[in-house]
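2 protein chains.
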Amino acid sequence: MTPSPAPLEFWFDFASGYVYFAALEVDALAARHGRSVLWRPFSLGSSFKVTGARGLSSTPLKSDYAARDWQRLARLKGVAFAPPADHPHIGLPALRAFYTVREQDEGLAARFGRAVITGYFSGQVSLNEPAPLAALAARLGGDEAAVMRGMGDQRIKDMAKAQGDEAVRRGVFGSPWIFVDGEPFWGADRLAMVEDWLAKGPW
Amino acid sequence: MTPSPAPLEFWFDFASGYVYFAALEVDALAARHGRSVLWRPFSLGSSFKVTGARGLSSTPLKSDYAARDWQRLARLKGVAFAPPADHPHIGLPALRAFYTVREQDEGLAARFGRAVITGYFSGQVSLNEPAPLAALAARLGGDEAAVMRGMGDQRIKDMAKAQGDEAVRRGVFGSPWIFVDGEPFWGADRLAMVEDWLAKGPW
Numbered sequence: 404m405t406p407s408p409a410p411l412e413f414w415f416d417f418a419s420g421y422v423y424f425a426a427l428e429v430d431a432l433a434a435r436h437g438r439s440v441l442w443r444p445f446s447l448g449s450s451f452k453v454t455g456a457r458g459l460s461s462t463p464l465k466s467d468y469a470a471r472d473w474q475r476l477a478r479l480k481g482v483a484f485a486p487p488a489d490h491p492h493i494g495l496p497a498l499r500a501f502y503t504v505r506e507q508d509e510g511l512a513a514r515f516g517r518a519v520i521t522g523y524f525s526g527q528v529s530l531n532e533p534a535p536l537a538a539l540a541a542r543l544g545g546d547e548a549a550v551m552r553g554m555g556d557q558r559i560k561d562m563a564k565a566q567g568d569e570a571v572r573r574g575v576f577g578s579p580w581i582f583v584d585g586e587p588f589w590g591a592d593r594l595a596m597v598e599d600w601l602a603k604g605p606w
Numbered sequence: 404m405t406p407s408p409a410p411l412e413f414w415f416d417f418a419s420g421y422v423y424f425a426a427l428e429v430d431a432l433a434a435r436h437g438r439s440v441l442w443r444p445f446s447l448g449s450s451f452k453v454t455g456a457r458g459l460s461s462t463p464l465k466s467d468y469a470a471r472d473w474q475r476l477a478r479l480k481g482v483a484f485a486p487p488a489d490h491p492h493i494g495l496p497a498l499r500a501f502y503t504v505r506e507q508d509e510g511l512a513a514r515f516g517r518a519v520i521t522g523y524f525s526g527q528v529s530l531n532e533p534a535p536l537a538a539l540a541a542r543l544g545g546d547e548a549a550v551m552r553g554m555g556d557q558r559i560k561d562m563a564k565a566q567g568d569e570a571v572r573r574g575v576f577g578s579p580w581i582f583v584d585g586e587p588f589w590g591a592d593r594l595a596m597v598e599d600w601l602a603k604g605p606w
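Which chain is which? The protein sequence lines are A and F, in order. Add 403 to the 1-based position in the first sequence for my numbering, that's all there is to it. Add 403 to the 1-based position in the second sequence for my numbering, that's all there is to it.
Chain A extracted, bound-state conformation (with noise of 0.2 Å):
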């Protein structure tokens, strides 16, 4: 019997605009390749920290070009783009919810990640309300009195803390970041170099 091939690992901020692009796609991309993924959130300010780059919407010329990039890509894939007035939300609700859900189920955990996102990027729902995050784990199945206590517990408070410590000392300094069997790829406009690497093997 052959072992199963690894999942793809795929680490983001739940705020960063190009994540939404990559989200809709990564999974199925995946299991094209006899692939799962395993969804890592974590705070992108842990590698600012490191490269002294700030977020996209944050810095001078850069914001501009990317609501104008997020549009255009929204236009070429036909779906909508609509992050919240008051985006980019920082989201540690949303952050320490995910590995609240995550000590129950590692599928669940991607659903709900992949929901968070989704309903982000439509403006349906906050990173930083832990009620109605708790209602979404919920409606996929999730325990959503577990998911209101996790959000305030020390122990998941860290634990989300945790990931951004591992993403810098693992080298991701961006999001989305998807790693194929340890090898780094930044950025939804790398998912066709990730197939073309899943397709090929590595060099």
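It is worth saying that the hints were derived from the structure and are not from the lab. Note that this is a predicted model, so its numbers are computed, not measured. Possibly wrong hints are sitting among the right ones.
[To be verified] Stretch by stretch, here's where chain A covers chain F in the computed footprint (C-beta under 8 Å, at least three residues):
{"hint": "1", "stretch": "452-464"}
{"hint": "2", "stretch": "467-473"}
{"hint": "3", "stretch": "563-577"}
{"hint": "4", "stretch": "586-595"}
Ideal placement from N, C-alpha and C gives every residue a C-beta, glycine not left out.
For chain A, the structure is supplied; the task is to place chain F on it using the hints.
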């Protein structure tokens, strides 16, 4: 008689790694859509002063990733990628040589720009040494003595510097950068999107 469509504008810093991959393809891409290309080198440092960014090769985490990504892209495209050991060059002589050549002939300037980039990223051409740059321009049909003089001419120096100010004024913060009828596209990985834009027209 239909007027010719406007040329694409190809903005770049000579020492930017991703420029190499775009430079190999941009003229053919434009030609497929009946367009020519204006090559517009500038010093990316002007934009960095506004965005607070630093060069890839001097940014922690990013520098390691970029070096790896360039080699992957080179493999994918079947080309070599071998910048000099002291990459990135600041390259003011190359920039000034370009704008001297451009005063002679826009098409010659494009050929010169491409030759400098492919030479630099195969370790054959320095961006900092005036005499070999003037000799390269001469081999392509330029006036060697004029290029040597131009690199020391305050008027050309000012012209080269002004290109950086113009970049900032027009929102250019990265390299390579392409304008299609004023529409901005950042990055070598945006060539497919540029092609889509040329095929379908503006929204």
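Numbered hints the structure breaks, given as an ascending list: none
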